[in-house]
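Trainee: Here is what each chain is made of, one letter per residue.
Number of protein chains: 4
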Amino acid sequence: TRPLGVAAIGYAFMGQAHSNAWRTVANHFDVPNFEQKVLVGRDAVAVAAAAKKYGWSESATDWREVIARDDIDIVDICAPGWLHAEIATAALAAGKHVLVEKPLANSLAESETMVAAAKAARAAGVRSMVGFNYRRIPALALAAKLIAEGELGSIRQVRASYLQDWLADSESPMTWRLRKETAGSGALSDIASHAIDQVQYLLGDTVTEVSGKLHTFTTERPGPDGPEPVTVDDAAWATLSMASGAMASVDVSRVALGQKNALRVEVYGTTGSITFNLENPNELYFLNGTEPIEVQGFRRILVTEPEHPYISGWWPQGHVLGWEHSFTHQIRDFLLNISTGTDPSPSFEEGYGVQQVLAAIETSSAAGGSTVAIPQIITISKD
Amino acid sequence: TRPLGVAAIGYAFMGQAHSNAWRTVANHFDVPNFEQKVLVGRDAVAVAAAAKKYGWSESATDWREVIARDDIDIVDICAPGWLHAEIATAALAAGKHVLVEKPLANSLAESETMVAAAKAARAAGVRSMVGFNYRRIPALALAAKLIAEGELGSIRQVRASYLQDWLADSESPMTWRLRKETAGSGALSDIASHAIDQVQYLLGDTVTEVSGKLHTFTTERPGPDGPEPVTVDDAAWATLSMASGAMASVDVSRVALGQKNALRVEVYGTTGSITFNLENPNELYFLNGTEPIEVQGFRRILVTEPEHPYISGWWPQGHVLGWEHSFTHQIRDFLLNISTGTDPSPSFEEGYGVQQVLAAIETSSAAGGSTVAIPQIITISKD
Amino acid sequence: TRPLGVAAIGYAFMGQAHSNAWRTVANHFDVPNFEQKVLVGRDAVAVAAAAKKYGWSESATDWREVIARDDIDIVDICAPGWLHAEIATAALAAGKHVLVEKPLANSLAESETMVAAAKAARAAGVRSMVGFNYRRIPALALAAKLIAEGELGSIRQVRASYLQDWLADSESPMTWRLRKETAGSGALSDIASHAIDQVQYLLGDTVTEVSGKLHTFTTERPGPDGPEPVTVDDAAWATLSMASGAMASVDVSRVALGQKNALRVEVYGTTGSITFNLENPNELYFLNGTEPIEVQGFRRILVTEPEHPYISGWWPQGHVLGWEHSFTHQIRDFLLNISTGTDPSPSFEEGYGVQQVLAAIETSSAAGGSTVAIPQIITISKD
Amino acid sequence: TRPLGVAAIGYAFMGQAHSNAWRTVANHFDVPNFEQKVLVGRDAVAVAAAAKKYGWSESATDWREVIARDDIDIVDICAPGWLHAEIATAALAAGKHVLVEKPLANSLAESETMVAAAKAARAAGVRSMVGFNYRRIPALALAAKLIAEGELGSIRQVRASYLQDWLADSESPMTWRLRKETAGSGALSDIASHAIDQVQYLLGDTVTEVSGKLHTFTTERPGPDGPEPVTVDDAAWATLSMASGAMASVDVSRVALGQKNALRVEVYGTTGSITFNLENPNELYFLNGTEPIEVQGFRRILVTEPEHPYISGWWPQGHVLGWEHSFTHQIRDFLLNISTGTDPSPSFEEGYGVQQVLAAIETSSAAGGSTVAIPQIITISKD
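Top line first, the protein sequences correspond to chains A, B, C and D. Per this note's numbering, the first sequence starts with residue -18, numbered consecutively. Per this note's numbering, the second sequence starts with residue -18, numbered consecutively. Per this note's numbering, the third sequence starts with residue -18, numbered consecutively. Per this note's numbering, the fourth sequence starts with residue -18, numbered consecutively.
A portion of the hints provided could be inaccurate.
[Unchecked claim] Straight-line C-alpha distance at most 25 Å; calculated PhoX-like pairs for lysine-lysine:
hint, chain 1, residue 1, chain 2, residue 2
1, C, K33, A, K33
2, D, K34, B, K34
3, D, K33, B, K34
4, A, K33, C, K34
5, C, K33, A, K34
6, B, K33, D, K33
7, D, K34, B, K33
8, A, K34, C, K34
[What the hints assert, rightly or not] These stretches of chain B come out as covered by chain A in the derived footprint (C-beta under 8 Å, 3 or more residues):
hint, stretch
9, 59 to 68
10, 274 to 280
[Claimed, not checked] Residues on chain B that point at chain A, a partial pick, calculated with CB under 10 Å:
hint, residue
11, G134
12, R137
13, S142
14, M155
15, T187
16, T189
17, K194
18, L238
19, Q240
20, Y249
21, G250
22, T252
23, E286
I should point out that these hints are in silico values taken from the structure, not numbers from a laboratory. We put the CB at the ideal spot given by N, CA and C, even for glycine.
This is chain A alone, in the form it adopts within the complex:
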């Protein structure tokens, strides 16, 4: 059979990260044959240059034409969130396997359309996945494994936060990420989405109720034609009740000066605990509460051993990986799902679950923090 043909849409930050993963995945993992066929963008000159640089054979400006091509089997959507629903549903309808960047979409309504499209496509053997790439960081994959194996006992509480500081400067200019109509929300959808996905992923659990608060510290920023109002949040806080009875807290900020990319997760169970910080992504801290108290303590596991998730494709122990490798692992798993005919995780339904929590936090915030229940998630039917 011919190699799988891949098209990617978008060549900004996420486009570069995904391209890098496509470029390198086969050098490290056994994956089905594929070809980096075409990179799609709106600016013909810029996308042609990006395609050349990132290793794509061609470039194009019309994604509709691309997804109609017979030689394209996979569509990797790295475009901004407001385009996700339209592209993804069209691509799935065209029978293309779809990987879409997180968050799934900018609104619940769009997300629902995408879930329906994914469900229909799934019946036809077409795969879909949402790009919560941090699940593929070896340390977090190990955390999930340890929790699933019961090493932490019953989980009581989770503390998840994601702190950045790229908006700490009040004079930092206006962008599409700071307008509600293009971004949906601010720190909430951009980074709280990652934190919430981790909570649900690590615990294998779902949020049932939330209380939340959004805040915008800098309400106006310089635009090309003078000051513009910032219409999304800079920071958000929420408490989450889980179906299992566990409690979680999530807080995120884009103005936490000095914190660069600090997704921190702490999970406390009845017999063990785990902590993680994305600024040191090769480290997982694990406490085994069943050991003699004399020698108990959080141990720093340098997650670079062949026994650890994904590491066998890389280097000997102690030779650490970087942020980008989570994308490489994501592509590897997506390709294996396609070749083995299995459904990827996180599915669009899981992405929709995160959207529901984000929406509930917004609703709660607007209501002064009152508790908001999460509607039951659409059942994933795999038959």
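Chain A is already provided as a structure; the job is to place chains B, C and D on it using the hints.
Mentor: Then chains B, C and D, alone, in the frame of chain A:
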């Protein structure tokens, strides 16, 4: 003039910590002369043994008799919270300077009585102080100084948490600390009170609104006569709006397995940030955001230099202090307030301010997280 | 002009690391056009598979034929150390630019041959470089820059160590790395070479005298035909006197259980200090001793800002790099040296300088630690 | 029986630290009754003030008179090293139990006299101890226990260093500590002595051979009458061969800018490892190499549990101790030795063992690093 006569009430954990501070303060600091006169407790034999061990000349079982004594000038109240109001108001009325352990009391009503008593006594030159001892940890005192001097610019947000694990074992037995009638609340009053005091102290700011949630993970624990219901919280979460416009979050837990005494504070301003963890109390992490980005980073200040608060009384640089020394510094400052005729801080009014926030969090939690405003604090009139 | 043709020799650990760098460098940096032409190895089947996996157009088994090809401009030598001299001198004689893995060779005599070959080739515009890739870790490149700019004042002492544990298990089997005839020495040439190169690189200084000690903890290991003697060191210690008057210590081990890849460097100057650990390669710790003592401390610089060396080719701040990226940067710089007609650093002469120190440590160890002077390094004549 | 009468000689830094320990030990531990009788110093006014401040009943200026007093049972020698031998031998001859600050003395000859005196006194039931107080830091006591119990297997190597920076400023003035005739040596006897004692203590092993180097970075410093030569070392490096076959390295510095009191110890065994840093004295890092590799890592043990050495006398878990508490524990153990009629450790013989290593390092340094054997230690005869 004769030395100040000191009486302490209570000889459990806090009584030992305060006694240790009285025992050592004059070895390290120039303070007015005083004598450890009498230690008061309910069990005559036990308190006599404790008095001997902790360096008190006498012991007694009736605190009313002790505060009536002419040779007692200072009453240090280390008894449980439900006794604070009665003892403190009586001692102040008797003209004794009063140091009372935190939190100020178990209820707002009691706190108000105490504030009124402190105000009346203040007019007569009688001093009162509530024992939020962590203000006297050199690293936190340095943090407050740096913030007050503007090194962080305008504060945007604070993240404060206090995690312990002494209730992580579900079979850990029932105590008075787990009953609402004796403890008032659980983690909230015991440890969130410290976190909230730090937020207000470090920022020189007050909380105006809260949204909060309390939770009890283990609802029943073994008592002497079989299982008993736990009627206080194991954990609490809150978001706090500050008068300045800053935002703060506070979360506390007694079941965070592996966290032993982790009061963590992170303060993010427009030009600098600070982080602290009580498990490493000699360290303050400070980021100066005005430096060239090439060399910016959180620096670990080992707060053991003679230039640092309280250190000149101790050891050369790098010879670290422990948890207990915060009490020594507290006594030192209290004694200096008495000798110089100045009012201690934190005052009962400040302690009452913390109580208001605690009460509002409980109210908000009972109302599903709805925002609750803090009533205006009683004005501190010093004339 | 046609793209530069590249051949790589060797496809084991280092061959994979170099291949990965060739595969990705152009996706992130502006470099002259080149093509991954041919991968060379002894086993035809295995090298063909590796070539396919790592992105090389062809494979071959005879390196002599490959370096004779007109379409090959660059030879990247990833073969074991005992082959370096023969291949490198032949390739340079054939007018090919040569990158050779560290250490330069297994013996001083071989190194001298290589230096002579590099010198001759340099006169003809042919470039040569030895692969001390850690110079290209952004944090260490930043360290070198800060030191060169005088941020540390005059350097007094350096502490460099490199701790691993892959030989901690006494039953770990015999390999070519544990035989003197194939490996030259053990931890000394493998990892102390990195540490020594860092000392000389960071300080811009040279070692003049050494006292050293080698030790083999496990003197026999299982081979295919029964136990075999280990004829190289497991660990080494040395003190180094520098031309500037600075002192350095180096110690390395392959049995430091729990240390996975801990190249640690500490540099102490009269006005500043720096520390680094390769297990957290994105962090540089820097203390500025000219600041007020009240706020002095080692700051953690997360070396991921666009202002930092090499970072502009990668991701936004806080999105960390891994171990492998040092190779990508090495290839980038090597390619730029070729295109701009400048001499790469570290040169073969610099590699030879490291060999001299290694040899002197061996000599000193054999003489019970007596001080051994380093002969004056061969002058680098660039005209 | 009457309480033990204690005299202390010296009221500078060490005098204050010892006084503080005498002042507090009985508040925390069950020890025999004792009284802080008299503090001895040369300056009558200053020592009187110090005695009052530190809790001694009297002061005196003639130590000979004091050790002759019948009401004195214990002599605690905190005077500088050149006085140790004279005072200690006299006090032991007078039948007083003696605690002497480390190092034992300034010369081997003096040390030998002291060992002989201690041996003679021991036969008469008179106890003697040298004050390597860091053995009584709970974390290091725990480390010793774990090693003794075999948790690390067979020890292969130790890395011990002690870094300070109080001489980093070249203009820091001349003191008695920088003259060979008063101090014996510099960093070597002051801080390498601690490191060497730890190596021998933790491993229960003795040094057999050394290779060492001493260095003085700043050879002249301002004295009251102009520049004076510094005649002791600022820094030292040594490799130590142990009787067991283990290897150790020790390096110390007083000019490691930014390191305040960093006694670091790393012990690597066949089945486990330990690391420690005195700047965070409540933490012990322990790696259990027999666990599954998937979850192996150095764990941070916060050594504040009741199960940990010495902690039961102090606070609940997580309430950390400081540097000074090692002295409190030392006094506690010394008092218990006296009351139970057992010999303290470290004995004068153990102190002498450290002196032998220090002397050998000096000899080796003078001989350019050549290996120097340690003469067999004087046998400790306890009968």
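Trainee: Okay, which hints does this one fail, numbers in order?
Mentor: 9, 14, 15, 16, 23
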